[in-house]
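K.L.:
Let the hints inform the model, and build the full structure from the sequences given.
So you can see what is in the structure, the chains are spelled out below.
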Amino acid sequence: MDGVTKTGFAVSVSGMNHYFGSGEARKQAIWDVSLDIAPGSLTVLMGPSGSGKTTVLTLMGCLRDVQEGSVRLLGEELNGASGAQVVALRKRIGFIFQAHNLHGSLTATQNVMMALQVHGSGDTAAQRRAAHHMLGLVGLADRVNYLPQNLSGGQKQRVAVARALVSNPEVVFADEPTAALDKESGMTVVDMLKDLGRLRGTTTVMVTHDNRILDRADRIVTLEDGRVVSDKNNT
Amino acid sequence: MTRFLSWVLGRLPIGWLQLSHSRARLIVAVAGVVFANVLVFVQLGIMGALNASAVAPYDLFKADIMITASDAKTLTDGSNVSRARMFQALSIPGVKAAAPIYIGNVEWQRPDGGSSTVQAIGLDPSQPEFARKDLQSSMQTLQLADTVLFDALTRGIAPGLLDTATPAAPYQVELTGRTINIVGTMEVGAGFSADGTLYTSDQTFLRLFNNRSSGAPTHILVNVEDGLDHNVVVERLRHVLPADAVKVATTEDAIAADLRYQTTERPTGIIFGFGVIIGIIVGIVIVYQVLSTDVADHLSEYATFKAVGYPQGFFVSIVIEQAIILAVLGFLPGLAIGTSIYVVLGAATGLQMTMTFSLALSVLIGTIAACALSGVIATRRLAAADPADLF
Numbered sequence: 000m001d002g003v004t005k006t007g008f009a010v011s012v013s014g015m016n017h018y019f020g021s022g023e024a025r026k027q028a029i030w031d032v033s034l035d036i037a038p039g040s041l042t043v044l045m046g047p048s049g050s051g052k053t054t055v056l057t058l059m060g061c062l063r064d065v066q067e068g069s070v071r072l073l074g075e076e077l078n079g080a081s082g083a084q085v086v087a088l089r090k091r092i093g094f095i096f097q098a099h100n101l102h103g104s105l106t107a108t109q110n111v112m113m114a115l116q117v118h119g120s121g122d123t124a125a126q127r128r129a130a131h132h133m134l135g136l137v138g139l140a141d142r143v144n145y146l147p148q149n150l151s152g153g154q155k156q157r158v159a160v161a162r163a164l165v166s167n168p169e170v171v172f173a174d175e176p177t178a179a180l181d182k183e184s185g186m187t188v189v190d191m192l193k194d195l196g197r198l199r200g201t202t203t204v205m206v207t208h209d210n211r212i213l214d215r216a217d218r219i220v221t222l223e224d225g226r227v228v229s230d231k232n233n234t
Numbered sequence: 000m001t002r003f004l005s006w007v008l009g010r011l012p013i014g015w016l017q018l019s020h021s022r023a024r025l026i027v028a029v030a031g032v033v034f035a036n037v038l039v040f041v042q043l044g045i046m047g048a049l050n051a052s053a054v055a056p057y058d059l060f061k062a063d064i065m066i067t068a069s070d071a072k073t074l075t076d077g078s079n080v081s082r083a084r085m086f087q088a089l090s091i092p093g094v095k096a097a098a099p100i101y102i103g104n105v106e107w108q109r110p111d112g113g114s115s116t117v118q119a120i121g122l123d124p125s126q127p128e129f130a131r132k133d134l135q136s137s138m139q140t141l142q143l144a145d146t147v148l149f150d151a152l153t154r155g156i157a158p159g160l161l162d163t164a165t166p167a168a169p170y171q172v173e174l175t176g177r178t179i180n181i182v183g184t185m186e187v188g189a190g191f192s193a194d195g196t197l198y199t200s201d202q203t204f205l206r207l208f209n210n211r212s213s214g215a216p217t218h219i220l221v222n223v224e225d226g227l228d229h230n231v232v233v234e235r236l237r238h239v240l241p242a243d244a245v246k247v248a249t250t251e252d253a254i255a256a257d258l259r260y261q262t263t264e265r266p267t268g269i270i271f272g273f274g275v276i277i278g279i280i281v282g283i284v285i286v287y288q289v290l291s292t293d294v295a296d297h298l299s300e301y302a303t304f305k306a307v308g309y310p311q312g313f314f315v316s317i318v319i320e321q322a323i324i325l326a327v328l329g330f331l332p333g334l335a336i337g338t339s340i341y342v343v344l345g346a347a348t349g350l351q352m353t354m355t356f357s358l359a360l361s362v363l364i365g366t367i368a369a370c371a372l373s374g375v376i377a378t379r380r381l382a383a384a385d386p387a388d389l390f
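From first to last, the protein sequence lines stand for chains A and B.
Each residue of the first sequence is one higher than the one before, starting from 0 at the first, in numbering that gives the first Met the number 0.
Each residue of the second sequence is one higher than the one before, starting from 0 at the first, in numbering that gives the first Met the number 0.
Source of the hints: derived by calculation from the structure; they are not laboratory data.
Keep in mind that the hints are not guaranteed to be accurate.
[Claimed, not checked] Calculated lysine to aspartate or glutamate pairs in the EDC-like style (CA-CA distance at most 20 Å, straight line):
hint	chain 1	residue 1	chain 2	residue 2
1	A	90	B	385
2	B	95	B	225
3	B	132	B	225
4	B	61	B	252
5	A	231	A	31
6	A	90	B	300
[Said to hold, decoys possible] Partial pick of chain B residues on the chain A-facing surface, computed with a CB cut under 7 Å:
hint	residue
7	10
8	11
9	17
10	20
11	300
12	303
13	307
14	308
15	310
16	386
17	387
Here the structure is a predicted model, which is why all the values come from computation and not from measurement.
Note that the Cβ used here is the ideal one computed from N, Cα and C, for glycine as well.
P.N.:
Structure representation (structure tokens):
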């Protein structure tokens with residue numbers, strides 16, 4: 000299975016510290032975080048605002064340079080990784096952002112196709128079919144050719160979910176993906192992520208405030224002030 | 000368009016989709032490129048007309064080698080050459096024939112009351128081989144005193160005015176107090192130093208220019224024995240003729256040197272050359288502004304693409320794609336407007352302004368290069384697209 004590594008974990012964090020600012024204003028945001036995330040699991044990161052959960056997420060998802068400690072994503076060390084290594088790793092993961100971050104000039108289908116074209120140009124017709132299929136799964140079959148400006152907030156977020164999942168990523172990082180969704184579509188998204196985990200071994204790490212999701216998570220990690228304060232398996 | 004570009008690029012044409020998404024900005028950008036294109040076309044057109052008018056008189060005679068006063072930079076300025084040089088030249092092995100040519104400007108009071116500066120060229124009619132092929136047959140007629148061939152494209156005369164002029168029914172004009180018979184026409188066109196050209200015998204020329212003497216022609220034309228390298232004979236002539244009085248060059252070299260002087264040392268050449276550079280800079284600045292604003296507006300989208308795993312080169316290719324689209328979209332109306340301006344300016348000034356394929360092609364290539372350069376400068380802002388800033 001792709002997502003499994005030598006160490007047996009999809010993501011393995013140990014002794015990670017992170018600082019913001021420089022000089023006098025330098026402030027430590029993450030204190031000695033260690034986490035091992037099993038492949039195929041759905042892990043939820045919880046905590047109050049400013050607890051550092053999003054920072055931990057972006058550090059694991061190689062969107063931020065690791066300063067201290069070790070982060071291994073899919074078996075590769077991120078601390079000191081080269082630009083090319085990071086680009087290659089980013090292609091193997093999917094990201095769902097708090098803000099949808101869709102490209103305003105591209106239709107829903109084209110936005111989803113962008114996640115496929117990063118793997119090489121290939122067959123555009125096949126990419127288009129895959130994008131339509133994925134948009135159908137998130138309930139947007141009748142909106143495939145809409146520009147983001149003509150979609151509601153919830154619909155935009157569902158396009159972003161489709162974009163993150165269409166290339167069958169090994170790990171999905173999600174930052175409050177259900178915040179802009181109603182209960183039903185929020186649960187659809189979470190169930191989809193969970194089904195992917197079961198069928199394809201996709202690992203999901205999700206930052207959320209949404210209590211409705213908790214009973215679907217395999218594991219709940221709570222952060223406060225940049226430290227892990229609780230780590231529970233939800234069995 | 001989107002389908003075509005997808006096929007060309009092998010990916011979604013993000014650059015085009017971004018450009019066409021904000022129509023107003025696209026129109027402004029294309030208008031900027033059009034403006035720069037028109038500016039460059041006009042400057043190049045005038046410069047081309049200047050160059051064409053500088054070399055046009057060379058086309059009226061035929062010589063392998065020219066002997067010119069050492070201080071002469073063009074066909075008409077500088078001192079005259081002593082005719083003794085011609086006899087010296089004739090004694091050089093390899094020289095087949097030599098002839099004097101007289102060139103001077105004369106003011107012509109036109110019948111309509113206006114005045115034109117006419118460049119007069121005088122050649123010995125008994126040596127027609129030094130005249131342009133199609134004029135050689137007329138040389139016989141020019142042996143008659145006070146007969147000339149006149150430029151049908153002279154600035155200020157009505158088109159077709161001289162069409163009826165023949166040796167049997169000449170069109171008469173007055174030049175420097177003499178009655179001159181126009182017995183035929185040729186086409187040269189107006190230039191920067193003269194409005195037209197007339198072609199005549201050396202004798203008529205000397206009658207028109209009382210201050211000129213037959214012993215001091217403007218240049219001496221030399222033809223070389225068949226099959227002999229012109230440069231070899233040039234070297235022989237240089238060896239014999241005093242370098243402080245005259246210079247010797249093949250006609251091609253003389254034309255090239257004249258053109259070089261007119262474009263790089265004369266104010267007109269420098270001004271229009273400078274105009275071309277200004278046009279290019281204006282175009283680069285406008286396209287750079289548009290592209291860098293576009294990059295700045297899409298930083299968060301680009302950061303998202305980076306998070307998905309697109310490398311830096313992908314974003315550079317988007318900006319270059321936009322640059323080339325702007326270049327092509329701006330070039331086509333620029334070409335149309337430029338061509339119209341050529342027609343209008345040509346009609347108003349009598350200058351030969353022609354839109355040639357090679358001119359259009361070189362401006363297109365220059366436009367694409369300038370736009371691509373702006374694009375490359377604009378991509379520096381891409382480094383600011385950092386996925387971490389999305390949170």
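K.L.:
Check the structure against each numbered hint from earlier and tell me which ones fail, lowest number first.
P.N.:
Of the numbered hints, all hold.
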